[in-house]
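Protein chains in written order, with numbering that gives the first Met the number 0: chain G, 0 to 94; chain E, 0 to 94.
Fair warning: there could be bad hints in the mix.
[Said to hold, decoys possible] To give an idea of the interface, some chain G residues facing chain E are shown, with a C-beta separation under 8 Å as derived from the structure:
| id | residue |
| --- | --- |
| 1 | 31 |
| 2 | 33 |
| 3 | 34 |
| 4 | 41 |
| 5 | 42 |
| 6 | 44 |
| 7 | 46 |
| 8 | 48 |
| 9 | 50 |
| 10 | 53 |
Simulated from the structure, these hints should not be mistaken for lab results. Think of the CB as a built atom: it goes at the ideal place given N, C-alpha and C, for glycine as much as any other residue.
There are 2 protein chains.
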Amino acid sequence: MQLSVEELHEQIGKLEGWKLEQETLVRKYMFSEYMKGIAFVDEVAAISEAFDHHPHITIDYKTVTLRLSAKEESGLAALDFRQAHEFNEAFDKAR
Amino acid sequence: MQLSVEELHEQIGKLEGWKLEQETLVRKYMFSEYMKGIAFVDEVAAISEAFDHHPHITIDYKTVTLRLSAKEESGLAALDFRQAHEFNEAFDKAR
Numbered sequence: 000m001q002l003s004v005e006e007l008h009e010q011i012g013k014l015e016g017w018k019l020e021q022e023t024l025v026r027k028y029m030f031s032e033y034m035k036g037i038a039f040v041d042e043v044a045a046i047s048e049a050f051d052h053h054p055h056i057t058i059d060y061k062t063v064t065l066r067l068s069a070k071e072e073s074g075l076a077a078l079d080f081r082q083a084h085e086f087n088e089a090f091d092k093a094r
Numbered sequence: 000m001q002l003s004v005e006e007l008h009e010q011i012g013k014l015e016g017w018k019l020e021q022e023t024l025v026r027k028y029m030f031s032e033y034m035k036g037i038a039f040v041d042e043v044a045a046i047s048e049a050f051d052h053h054p055h056i057t058i059d060y061k062t063v064t065l066r067l068s069a070k071e072e073s074g075l076a077a078l079d080f081r082q083a084h085e086f087n088e089a090f091d092k093a094r
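The following block holds chain G by itself, in its conformation from the complex (with noise of 0.2 Å):
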């Protein structure tokens, strides 16, 4: 189900570190070690495959970045926000 303009903003506000850019989530995370943040791209990959949707992922030595675009056309849900809430909690378990 799609997200009013009103809810958008209140989802974001509740999802630490990441910002919307042109209808797509983003948030970078930082490693202190690369195969830190190596891990945490796998268990990144795990969530994605439970959810059955993918994030666009950049891994830039120490820095992991994702991107969650909205699944269908109908613009970001609900379920994107759950997902980058995992993403968050995954990353306070593998820093």
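Assemble chain E onto chain G, guided by the hints.
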């Protein structure tokens, strides 16, 4: 040690799937399954740590793109090509 232009072209000719884009070696690797691409990234990370040289990695669903830039200002060296060959070997095992 920096390679001459002739050596550079000779090395690229021997390197399956890679092309040169503005002094950066680039290859896109395609996988039949998302998790095979992720397992490949784990191998790429291990090789990168061994070389202490980390390519820029993007994961776009089942496509993994590696970008390998010269480590020193002096340009691409034989070592960059040895590393790219190792990535190709890892791909042959992972796909």
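Against the structure, the hints:
1. Because the smallest distance between the Cβ of residue 31 of chain G and any Cβ of chain E comes to about 15 Å, over 8 Å, the interface hint for this residue is violated.
2. Given the 8 Å rule on beta carbons, the hint for residue 33 of chain G holds: about 6 Å separates it from the nearest Cβ of chain E.
3. The criterion of a C-beta within 8 Å of any C-beta in chain E is met by residue 34 of chain G, whose closest approach is roughly 7 Å, and the hint holds.
4. Evaluation of the residue 41 of chain G hint against chain E yields a held restraint, the C-beta minimum of about 7 Å falling below 8 Å.
5. At its closest, the beta carbon of residue 42 of chain G sits 10 Å from a beta carbon of chain E; the interface hint therefore is violated under the 8 Å criterion.
6. Hint status for residue 44 of chain G relative to chain E: holds, with the closest Cβ pair at about 4 Å, below 8 Å.
7. Given hint, residue 46 of chain G at the interface with chain E, is violated; its Cβ is 12 Å from that chain's nearest Cβ, farther than 8 Å.
8. The closest approach between the C-beta of residue 48 of chain G and any C-beta of chain E is roughly 7 Å, which is under the 8 Å cut-off, so the hint is satisfied.
9. For residue 50 of chain G, the interface hint is violated, the least distance from its beta-carbon to any beta-carbon of chain E being 12 Å, above 8 Å.
10. Given the 8 Å rule on beta carbons, the hint for residue 53 of chain G holds: about 5 Å separates it from the nearest Cβ of chain E.
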